[in-house]
Amino acid sequence: GIQVEQSPPDLILQEGANSTLRCNFSDSVNNLQWFHQNPWGQLINLFYIPSGTKQNGRLSATTVATERYSLLYISSSQTTDSGVYFCAGTDRGSTLGRLYFGRGTQLTVWP
Amino acid sequence: EAGVAQSPRYKIIEKRQSVAFWCNPISGHATLYWYQQILGQGPKLLIQFQNNGVVDDSQLPKDRFSAERLKGVDSTLKIQPAKLEDSAVYLCASSYSINQPQHFGDGTRLSIL
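Here the protein sequences come in this chain order: Z and U. Position in the first sequence (from 1) plus 776 gives the number in my numbering. Position in the second sequence (from 1) plus 64 gives the number in my numbering.
Since the hints were made in silico from the structure, they are not lab data. Here a beta-carbon is modelled for each residue, glycine too, at the ideal position from N, C-alpha and C. One or more of the hints may lead you astray.
Far from chain Z, by Cβ distances over 12 Å, these chain U residues were calculated [said to hold, decoys possible]:
| id | residue |
| --- | --- |
| 1 | R80 |
| 2 | Q81 |
| 3 | V83 |
| 4 | R128 |
| 5 | S130 |
| 6 | L134 |
| 7 | T140 |
If you only want the chain Z side, here are some residues facing chain U, beta carbon under 10 Å, derived [what the hints assert, rightly or not]:
| id | residue |
| --- | --- |
| 8 | V780 |
| 9 | N806 |
| 10 | N821 |
| 11 | Y824 |
| 12 | S870 |
| 13 | L875 |
| 14 | Y876 |
| 15 | F877 |
| 16 | G878 |
Sequences and hints are given; from them, build the entire structure.
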């Protein structure tokens, strides 16, 4: 299966700071998604971004499919951004929909 | 639109007991997934349905886990008998079809004593 490496594993920021989270895939993927898992365990969709760049408020994401990586940018971070950020993708060589997840980046934003 | 509904939210059982989880996907979503998330890890797929048929159960421990989606809408996942290593969050997700964005429910947190 696909191996997904996320970096950094942990990130501690002061409110207002910017950050970049990275996701590398061992093989070509489709259907790349970024999720935020909040402290209550809910997994919230942030982006569906197989390729290119998307922006949603203070968040943006870029996927370079040919180089098998994706980046999530968080600007002007807030305490509510705390939680675990996951990226995931499906195997381009498969017709199935299994999402392969990384181990996540634990983000803590303090006031 | 209503999201993916799961119940119960929490469950505590003793090892060797049985437990069942329920999931109602987003209306119109043909594909339904059950994932297991162990503490400190990302979710891992257990089983995937397309309508009421199984398309991927290669990672499902079939000696103790079973799942069904009889009418192609809601689904149940059962564990019998439970082991200590089954302590995890069980997440249900749905998508309009395979290779479309997946949307997750709030999960069921299972603790085995």
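(request) Against the earlier hints, flag every one the structure doesn't satisfy and list their numbers going up. (result) Nothing - there is no hint that the structure violates, so all of them hold.
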